[in-house]
Amino acid sequence: MEKIGAVMVVGAGIGGSQAALDLADSGYKVYLIESTTSIGGVMAQLDKTFPTNDCAMCIVSPKLVETGRHQNIDLSINCEIQDVIGEAGNFTIKVLKKSLYINPEKCTGCGVCGRECPVEAIDVFNEGLANYAATSVKYPQAVPLVFAIDKNYCIGCGICQGVCKAKAIEYDRKDEEVEINVGAIILAPGFDEYIPPEGNLYGYGKYKNVVTSIEFERILSASGPYAGRVLRPSDGDVPEKVAFLQCVGSRDYTGKGKPYCSSVCCMYTAKEAVIAHEHMHQIQPTIFSMDIRAYGKDFDKYIIRAQEEYEVRYIRSRISSITEVPETKDLRIKYETEDGTVVEEDYHMVVLAVGLNPPNDAQFLAEKFGVELNEYDFAMTDIFNPVQTSKPGIFACGAFSSPKDIPDTVTQASAAAGCVNQLLHEKKGTLITEKTLPPEIFVRGQPPRIGVFICYCGINIGGFLDVPEVTKYASNLPNVVLADNNLYTCSADTQTLIKDTIKEYHLNRVVVASCTPRTHEPLFQETIREAGLNRYLFQMANIRDQCSWVHMNEWDKATEKAKDLVRMAVNKARNIEAIERIKLPVTQKTLIVGGGISGMVAALNFATQGYETFLIEKQKELGGFARHIYNTLEGGNVQEFISDLIEKINSNKLIRVFTQAEIEIIDGYIGNFKTTVIHGSKKEKTEFEHGVVIVATGAKEYQPTEYLYGQNNKVILQSEFEKLLNTSNDINDKKSVVMIQCVGSRNDDHPYCSKMCCAEAIKNALLAKQKNPNVEVVVLFRDIRTYGFKEKYYREAREKGVIFINYEENEPPEIISEGSILKIKLKTLKMGEITIESDLLVLSAGIIAKREDNEELAKMLKVPLNDDNFFLEAHVKLRPVDFATEGVFVAGLAHCPKTIEDSISQANAAVARACTILSKDEIEVEGKIGEIDMARCTGCGMCIDNCAYNAIELIDDRRFGRVAYINSILCKGCGACAGNCRCAAIDIRGFTGEQIFAMITGRN
Amino acid sequence: MNEITSESKQMKNTDDEWEPKILAFLCNWCSYAGADLAGVSRIQYPPNIRVVRVPCSGRINPYFIVKALLDGWDGVLVSGCHPGDCHYLTGNLVARRRFGILKDLLEFFGIEPDRVNFMWASAAEGERFAVLIRKTTKLVKKMGPNKKFEKKW
Amino acid sequence: MSFEPKILGFLCNWCSYAGADLAGVSRIQYPTNMRVIRVMCSGRVDPKFIFHALELGIDGVFVMGCHPGDCHYLEGNYEAITKFDMTQQFLKFINFDKRVRLDWVSASEGTRFGEVVTEFINHIKELGPSPISGGNPDEDILDKLKAIKMAAGSNRMRALVGREKTLLGSENVYGEQIIEQRFNILIDKAIKDEFERHRVLLALEKDSNSVKDLAVELNIDPSIVLEHVLTLKTRGQVDFQKIKGNTPIFMRL
Amino acid sequence: MSEEEKKDIEDEVRVGVFVCHCGSNIGGLIDCKTLAEEAKSLPNVAYAEDNLYTCSENGLASIKAAIEEYNLNRVVVASCTPRTHEPLFRDCVSEAGLNKYLFNFVNIRDQCTWVHQKQPEEAYKKAQDLIRMGTAKAVKLEALDIIMVNVNPSALIIGGGVAGMSAALNLSRQGFQTYLIEKEDKLGGRLNSLHKLFPHQLDASDFLDKIKNNVQNAQNLQILTSSIVKNIDGFVGNFEVEVEQNGKNIELSVGAIIVAVGSSLFAPTDLYGYDGKKRITQFELEHKFINNDVKANNYVMIQCVGSRIEDRPYCSSVCCMTALKNAFVIKEKNPGANITILFRDLYTPGTDYEKYYRDAREQGVLFIKYGLDKLPTVEEDHIKVFNEYMGEELILPYDLLVLATPLVANNDNKELAQMLKVPLEANKFFLEAHVKLRPNDFATDGIYIGGSAKWPVDITEAITQGYAAAARASRVLSHDSLEVEGATSSLPEYNKSLCTGCEICIKVCPFNAIIKNEEDEIEIIEALCKGCGVCGATCTNQAIVIKHFTDDQIFSEIEAFGGH
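Protein chains in written order, with my numbering: chain X, 328 to 1331; chain S, 348 to 500; chain P, 131 to 383; chain B, 996 to 1559.
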């Protein structure tokens, strides 16, 4: 069967959108199928994201807009999967596009229909905390901004059809069945949160002031029902004492909830507590939790900050029931402290940290796509490739395969894209379309001939200010050849009109006064480009979102303001110039630094796609950190996996491996790097060119100095214990093994969690018990972090008799060596001081960064490290494998401690990201960038410090001496340099000083 | 009844109270989006501001602000992403440092400190944006027209 | 002196007004309390006329039209029914629903006209004077009536009532029949919500206030008041003013 | 509005009040003189007087004189009822140069003195209130234009069946240019497929040829066959119709439209083993008669097949007679044939038809009643039916089973109804304006209906209705122009910004007087508006004003009554 160069992505949350973008950018046609009426998923509902407290909407919405507008992405909303046939490389999917009853081609998203709709519907996006009209969008920034009629609520009164000036309402619009032919499928349906059932002990649904965490998220959100004020639903007061209950519906063996750990609740709860306190300082959050599972990058620091800076109180206790105080609607919580005393406290509000369930339609999807689900109804995935489902050609990413947070989801999304690349690479670029455009008209030097188009936007502008008056005013401005107004300037017929007008009047600048450039500028730019004008010869005045809508009762003043805004735009337009986008060629070769699992997986992926790959390993042999690992907790044979990888690498002609290698120089930029490597025992020098770099240098195990390690041979590391278990029978004559967790982790020197030690300890404890059921295994821990499905093994270990004892950071166990006997003394809260005798003490040593190596490489690549000397990605949430420096990516332990599966995902993700560059022969870079007037530059170098992208350097010019130079490929056009330049030597194209002055001075 | 409502819309603003004109520089990714959200949510605020969109608050040369004041604008407002949210990673931090100094300098010139205001508003903070505009307008209005740089020919 | 109620009658030109004339021609005697406003059709009687009359302290309002099916304008009296039903539903909140009546009198029913008018006047006499008539009106009821008048005049109520007849009588825009029960639930909820919302609005017009105090003042559950306040906020009628202690204060815009 | 009328509204409001004694009808009970005196103190009242008979020559002269002398621009007469006397007084003020809508009537006789004869004091108080209210409204009255609509003296008849042809003949003979359009390629409609006509066993084709001949030779009558209506615009007197004939468009301008599209046949698939051969419909039987193709000896006919059931609850009204008629035809050809008619109820109204039934029984046709709960069951060559009278099951052998199926509404009725903006009833037949009083009108002026487009009818009824519709149409067509009500609803310029365009008004207007025009604005066609005011009372944003009964006017009446 012939392969198809198209991919279907099911679910358009952040994961689905990322996968779609990666693939679309790499030359595949993408069909993005969403079941609701807008994309963005749960992330769009969030107020802030941990651990950076980034505003979720701010960071996600540009991505969504890009997804919605991408030429290679065919986005369909309100869809249902009907039928799937075919196999890897060639699937045919029947999709039912359910009617929105509104023509998306005609809907301008103005929202008049919703305002006039007499029926109130439940606002699902705001989790039922507010009402909405039956005709609505999910949220104001929704993509695509198309209204839909909720037929469940609509009574068919017909009012919206009357008020819609765009004539977009079509009640007789039918559902439509389409057949889509693709080569691969990515499933990203996300999750559904656990909703406590009726009669639950928390009183959810009965007590008004008990809310779920996702409801609380909307309460926190500035765009939520309470406009970001934290209020309690019973009476609108600010709740001073807020209790957060962890593990609601997770780690629950009673059958009411789910047995696994939902992985993200500890962190989002901490975030919600912090944000609540930040929003309203009087709020004192208390978090009731079992273990605090802050296992991700920089998570522990966040928990510490929550406690220290935001007065978040943590209580280690699991609450089983809540009662309401009838008079005040406060909530009474009874709990047992760790020392056994029972305390009763009243809270103003309770937030339930509900777990992540598989999507409600998981069974349905599994059946349709023929993929298997695991015991919890999440998608079953390959043990060493967490995005591969049980069916070849179908991949899963995000929370569909297990509960996970945003960066993991985004990584997996890219990883799935990476795997698709591997599968369909030969069909890359076969199904995408490119527009043919007329040659650009040369306008430089011509006097400006400006056309102004002013939009009524139905009644959205025309109803609140005097559009004809503004038009008249605009027509009298200097250089304005023509000013016209339109009912909807964005409608298809007006685009034709604009093009015709440009030709008829020989316009060389176009100004549109309508809505916001954030959503509509690309459309108009495309239009004038089609008429032969450079797309930068366009300017927009926002007289709707920032004028008519916000001054609805001030006709005259709003008209005045609109005139000013139009004049300012015209003034700027007079000064704008055509801008050429720079194109540069891409070297279709790759460099991977580090030959561990991540590096090898990435190399193989590249090679499968036909890219020549250079793999550099510092050691003599490939394998990296994983060489010390025998099995994974879930039972995967790591050694076998590695040797298989190494064999494949060695037999692949496109991969060139350099062992015992070090990088001497890396030069260049995206698409055009040049690297010199010194390798082999003979220190040979090799130089080669490549287009991208993946950093996969890994990390190392902490070598403890504490707990008598190195002094007593009964004290060993977890990795040594694993070797002992797997290569000898020494365990059989041991009576007692004690493990200490968090050795070299979560302390002042290494304030992060090493993520895998808990799993490793449990894995080895179980193996020890298996080999010698009589051996006593004691695990001394601070928090057991068996997140996700690993929780099962924690439970198994306890059932098999492994003893878990908690210790506090400030009171670590004390090791006493008495001859051949090791004694471990420990203070516990419940049992007081205890002493355990042991004949083997196993230290779970953390993972630490290779500091010197990383620093050196970071400097060469001009990429940053974090405080712990791990590599710092471009954006914690949405660009987890990218660096701010384009063309450079990160994977594996070099980024932060993680499991083997995660490393593999990241490697594939990095490949997918790299492919968005490699798939093109040449790449176009942003045109609105900085420019240096060398005659003015004094070479002070201030701008270099201000540039976040390392785009500026000092050069020695033949005529001007030492001056700054902007690498136009790296520059993003933020203008930080220009704003700071003391001699006004830097200007930003498209936002030049001259243009901005024209706007300012246009006042009178 | 109908007549009254329709009249009020068309009613000429007869009170001659002075209304300040304020120039607002908004960064494209957060504050401009926040201002859009205020519009989408129909949150009403005074019509005194005129917006100049810039890619990043870091783009704003202090001279733009001085120039605006020279040109007779009664107030200038600069709004960017919250610290840490910058689309360009650190642009707003650069801006913050710069404006700290500018404010001192303007004060030294004898410009009332309230004439030039800096603030943060995210893309989700439509309401906050409106509140800040109300506040700024009130502040500038209280100070009266900007005549410091008025040229008398 | 016995109580002589003030009663206002809206009579449609073609049936009821003619019926009243016939009563005159036939010299049928009935009490004098009703004053008549002639309208072309009972469907012309905008609910706001009725609320306005009651607000002025008039003790009873009688709307009369042609018998169903006899309307000179085909179906105007059916429109009158839907509007009147809503009016009466609203008036239940202040126990005024019995002070208004809708009845049919044809051009030939002079006797009947006398009878129904007499009956209505006696009925109002039994009810006694309107609590908002006279020099000392019941402020609480008056406030509620004002809220009712505003609520019934809101776009939403007028839209729902305006479409009621068509939606229930024939089919909606999808060619489906709306189940009467479903529509009634919807309209009952809308009436209750809009009444309460406009009470909140009126209360905030007098003075800014918190949800808790509004709840006490209006005797509505605070959680519901909060929902109403938020809905009014999205409509741009109400906003946060400040936070006093831990209690946000809302104001009318 | 004429030049001199303009002064009415520009100057200050000056009301004149005239209180009529009506001999002793009013003056005999209450003191009209004092009433008039008191009226003088009302706001804006410039003059008041009492007259013995205001409607007399003297009274009218007195009004005119006062208008002149006191420069009055509003007149209130308190006397009898506007229903009888308003036109008189309107003419009177109009003769004195005032717009006739600047007059207001107060009824203090029929609804006051006559009905409160034993309570002079209360009646006096009531008259006081009524005059105060009437004057308050008068103050707010506005001059209104009088609207005339030209009438195009031509008509369009849609449907060339017997009803349509009758209407067309009638109108063309009256001298109106008439267009008759027919969907099929020949005139005649259902008549084309009939064999004989009951109750006189006339030959259907003879009858049809005669009427067709008349139509084809008529003057002023243009026949368009193979034509369908594509679009209809306009209103009474001025319709613009777009007709498509064989792919080319024809534009017609007419003053009235008659809908005579008839009905369709129902195919009883899945009922009683219908196969079109051995088990056929009555219509198919007639077809066989025409082709002389009927050879059976044992006939069973089942009535009400597919009608009077839940899906199609109506009686098709022609089937009983059709069955009888065909039974006669069979008997005539083959007197020995066995004919059994299974019926639920036999509808043969009137003397002729009932006789027809008796004759059939006399000729030996067997009638058996069946019930809905025990339907006849059809086997290959016999039929089982439960005889309700005998209480037992009968077995009837048959050679030909004939099913009486109903006439059903045409599939394209909905399309046509939408173009005409007229309603359909539940079974998709056209719905007349009033079942009893206006059986051949639509609520929309200038559009009429006849024949089985409205309801299944027989030939006689179809002809009657065709003539009736024509008569109704000629009522409009015989005028050069029509004066329409001036007190209409309107969407004044100053309220346009309030209108959201929700179209509720369009939907509540029974006269289709409100449309959305090409500028996407609500427009009220005054020629069609009857001024009922429902749209104004419904308008969500209260943008529509009902002229002469404005909110403002009614509020001022209410307030003049007052409360406290």
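In case anyone wonders, no lab produced these hints; they're calculated from the structure.
Predicted, not measured: the structure shown is a model, and the values here were computed from it.
Don't be surprised by glycine CBs; every beta carbon is placed ideally from N, CA and C.
Careful: at least some of the hints might be erroneous.
[Said to hold, decoys possible] Chain X is faced by these chain B residues, among others (derived, beta-carbon under 8 Å):
#1 K1491
#2 T1495
#3 G1496
#4 C1497
#5 E1498
#6 N1512
#7 D1515
#8 I1519
Evaluation of the provided hints:
| no. | hint | verdict |
| --- | --- | --- |
| 1 | K1491 | violated (11 Å) |
| 2 | T1495 | holds (5 Å) |
| 3 | G1496 | holds (5 Å) |
| 4 | C1497 | holds (4 Å) |
| 5 | E1498 | holds (3 Å) |
| 6 | N1512 | violated (13 Å) |
| 7 | D1515 | holds (6 Å) |
| 8 | I1519 | violated (15 Å) |
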